[in-house]
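When you get a sec, could you build the whole thing from the sequences and use the hints?
Residue numbers (our numbering), protein chains in the order written: chain A, 106 to 431; chain B, 106 to 431.
Don't read these hints as lab results, they were simulated from the structure.
There's no promise every hint is true.
A pair counts as met if it fits within one copy or between any two copies, since identical chains are not told apart.
With a Cα cut of at most 27 angstroms, we get these calculated BS3-like pairs of lysine-lysine [as the list claims (entries may be wrong)]:
1) LYS230 / LYS144
2) LYS409 / LYS162
3) LYS230 / LYS140
4) LYS368 / LYS144
5) LYS368 / LYS162
6) LYS409 / LYS234
Nothing here was measured: the structure is a model prediction, and the numbers come from that model.
There are 2 protein chains.
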Amino acid sequence: MEDIAREAGVSIATVSRVFNQPEVVSPATLESVRKVAAKFGYTPNLTAGSLAGNRSKIVAAIVPVITSSIFSETIDGLSTVLSENGYQLLLGQTWYREDRLAALIDTFLGRRVDGLVLTGITRDKALRKRIRGSGIPVVETWELGRSPTDMLVGFSNQDAAAAAARHLIDRGHKSLGFIGGMDIRSTERLDGFRSAIEAAGLREPRVARVPSPSPSSVLVGAEAIRALLAQFPDISAAFCTNDMIAMGVLLECQRQGIPVPHKLAVMGFSDLPIAASLVPALTTVQVSAHAIGTHAAQMILGRKGILERQPNRLDLGYSVVVRESA
Amino acid sequence: MEDIAREAGVSIATVSRVFNQPEVVSPATLESVRKVAAKFGYTPNLTAGSLAGNRSKIVAAIVPVITSSIFSETIDGLSTVLSENGYQLLLGQTWYREDRLAALIDTFLGRRVDGLVLTGITRDKALRKRIRGSGIPVVETWELGRSPTDMLVGFSNQDAAAAAARHLIDRGHKSLGFIGGMDIRSTERLDGFRSAIEAAGLREPRVARVPSPSPSSVLVGAEAIRALLAQFPDISAAFCTNDMIAMGVLLECQRQGIPVPHKLAVMGFSDLPIAASLVPALTTVQVSAHAIGTHAAQMILGRKGILERQPNRLDLGYSVVVRESA
DNA sequence: TTGAAAGCGCTACCAG
DNA sequence: CTGGTAGCGCTTTCAA
Numbered sequence: 106m107e108d109i110a111r112e113a114g115v116s117i118a119t120v121s122r123v124f125n126q127p128e129v130v131s132p133a134t135l136e137s138v139r140k141v142a143a144k145f146g147y148t149p150n151l152t153a154g155s156l157a158g159n160r161s162k163i164v165a166a167i168v169p170v171i172t173s174s175i176f177s178e179t180i181d182g183l184s185t186v187l188s189e190n191g192y193q194l195l196l197g198q199t200w201y202r203e204d205r206l207a208a209l210i211d212t213f214l215g216r217r218v219d220g221l222v223l224t225g226i227t228r229d230k231a232l233r234k235r236i237r238g239s240g241i242p243v244v245e246t247w248e249l250g251r252s253p254t255d256m257l258v259g260f261s262n263q264d265a266a267a268a269a270a271r272h273l274i275d276r277g278h279k280s281l282g283f284i285g286g287m288d289i290r291s292t293e294r295l296d297g298f299r300s301a302i303e304a305a306g307l308r309e310p311r312v313a314r315v316p317s318p319s320p321s322s323v324l325v326g327a328e329a330i331r332a333l334l335a336q337f338p339d340i341s342a343a344f345c346t347n348d349m350i351a352m353g354v355l356l357e358c359q360r361q362g363i364p365v366p367h368k369l370a371v372m373g374f375s376d377l378p379i380a381a382s383l384v385p386a387l388t389t390v391q392v393s394a395h396a397i398g399t400h401a402a403q404m405i406l407g408r409k410g411i412l413e414r415q416p417n418r419l420d421l422g423y424s425v426v427v428r429e430s431a
Numbered sequence: 106m107e108d109i110a111r112e113a114g115v116s117i118a119t120v121s122r123v124f125n126q127p128e129v130v131s132p133a134t135l136e137s138v139r140k141v142a143a144k145f146g147y148t149p150n151l152t153a154g155s156l157a158g159n160r161s162k163i164v165a166a167i168v169p170v171i172t173s174s175i176f177s178e179t180i181d182g183l184s185t186v187l188s189e190n191g192y193q194l195l196l197g198q199t200w201y202r203e204d205r206l207a208a209l210i211d212t213f214l215g216r217r218v219d220g221l222v223l224t225g226i227t228r229d230k231a232l233r234k235r236i237r238g239s240g241i242p243v244v245e246t247w248e249l250g251r252s253p254t255d256m257l258v259g260f261s262n263q264d265a266a267a268a269a270a271r272h273l274i275d276r277g278h279k280s281l282g283f284i285g286g287m288d289i290r291s292t293e294r295l296d297g298f299r300s301a302i303e304a305a306g307l308r309e310p311r312v313a314r315v316p317s318p319s320p321s322s323v324l325v326g327a328e329a330i331r332a333l334l335a336q337f338p339d340i341s342a343a344f345c346t347n348d349m350i351a352m353g354v355l356l357e358c359q360r361q362g363i364p365v366p367h368k369l370a371v372m373g374f375s376d377l378p379i380a381a382s383l384v385p386a387l388t389t390v391q392v393s394a395h396a397i398g399t400h401a402a403q404m405i406l407g408r409k410g411i412l413e414r415q416p417n418r419l420d421l422g423y424s425v426v427v428r429e430s431a
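This is the structure:
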């Protein structure tokens, strides 16, 4: 930077302005500095800029696993809005291990990121305090309800699952099955599912808990329905906490010659792009994975004054998408 | 840092050592400094550390789209090895737009990342030069063949697709269809597919090009096979450049009552976890998406002396996985 | 519109 | 094993 300042006959302060606030520099200086910079092949050191300017232009996001379609959709949304505004995305995965979360957050805070996007609401008191203490904007996602650490965008997992249960009940099903992961969000969905069933005066659902979202969810779903049906042959409908599991169920039914939805109705959750293409087309609960990401980014950039200020809490809702499978 | 140095009665240099090279600090000092740090709730500023130490502990990766299962697998592998070694991952997407690539790379170089992982080999001369000039380790992935900018891990798309063609030919198919994206890797696969067919003295394949990998590939695959079959009813086998497209083909056949593989054989590419679960189970070409990521990370950390040094070029190969669909 | 200079918080080198 | 100190490359007042 010093070199280019000397060559262009200006001070390094001016060079800095050329890159950061070109509007305050005279057109002539602007051009000459840019020319020299290009000649030197100069690339501004953003690390130094971050330190001096006390802003990193980096937003960090933490998801359980990036290989899960739903979270990669959210990350895609986040990444889109961030990059449109000159921000970068630092990505961390917890692989559903709570201890990883604290470690990741500490690292990211140490990196002085300009914002933090988390999956789920942080329960750990100490961690919440540390996050708050850092003063950086945080948005928690994919949940609603209890008090967030800072900002929140998502939907009610309970309500969404209850709506699914009600759909099944409305169709006359009396004996319901539930196949879901062990993570917090799946548990919330189980709660909602149970409540709706109880409210309708029906018998408790038959529950199968499986490992949390993974690339092999399809396989897991197939195994789960096999086990469930073996133990409870009376089940007439199965609700799955994600579409990949539901797809596994559909496939297993096809293999066993179980007609869907006549013998067994099946519902998914998320409304992934494949849901509509399956045969039979999957009835599912639509939630806005991608929009969660874009809104999270907007909330953070809103706080920084880069975009219009957003409310601190956003309920994106859900809707039951009725197709052929239930 | 100054505060905690004063409180602990040591110099800031010692405080720095406590966090970076604890092994050279006496146990007593170590403990007292750590205690004070904890009391103050001190989080080391990694940005300052990066600037002073001339290393960022960040590796950047660029993929076309993160929502594609294959790339998210690679990113997962990368992320795993990186985080095991105290490195963070900065993620960028090009959405298949070449101009985005240069912009992203410039930003990442400006960030002085410790390594760069790219999808595909960089063709732009000027860009290659800029990357090389930065001196940071770069690994290009998902291709093989032409000379990489620096390091390379992948497989031959041509050879892999040729193997698929040979498999189909061996099964007696004479009229082959190809459904693939418009990106470079799909084009390479088409080349290989064509060569093998030509070598066998068969007629040119019937080709359908579709938009590059997207969450809606399944839908795209269904549409493509419908169009292809309408125009060329004689096709007895279809090779798809990814499993999601193949899944769409399978589903469309099911919808139309076309028996697979008897009336139409179908092959995929990638061997995603779902491939084995489909009905009929998908015959596909297995490539190591996850391993590409782990090896890329190892190559970079090998260069930095963090891990054992790796060769600059790694061919992960491929294999035809014969299941039911072809 | 531009320049001078004071740091940003930390690392690494050199002594001791 | 520990301390002193010179930067790392840039941003940002404050003045001119």
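Hint check:
no., hint, verdict
1, LYS230 / LYS144, "between (53 angstroms within a copy, 17 angstroms between copies)"
2, LYS409 / LYS162, "both (10 angstroms within a copy, 26 angstroms between copies)"
3, LYS230 / LYS140, "between (53 angstroms within a copy, 20 angstroms between copies)"
4, LYS368 / LYS144, "neither (72 angstroms within a copy, 63 angstroms between copies)"
5, LYS368 / LYS162, "neither (54 angstroms within a copy, 55 angstroms between copies)"
6, LYS409 / LYS234, "within (21 angstroms within a copy, 36 angstroms between copies)"
Hints 4, 5 from the earlier list are contradicted by this structure; the remaining hints agree with it.
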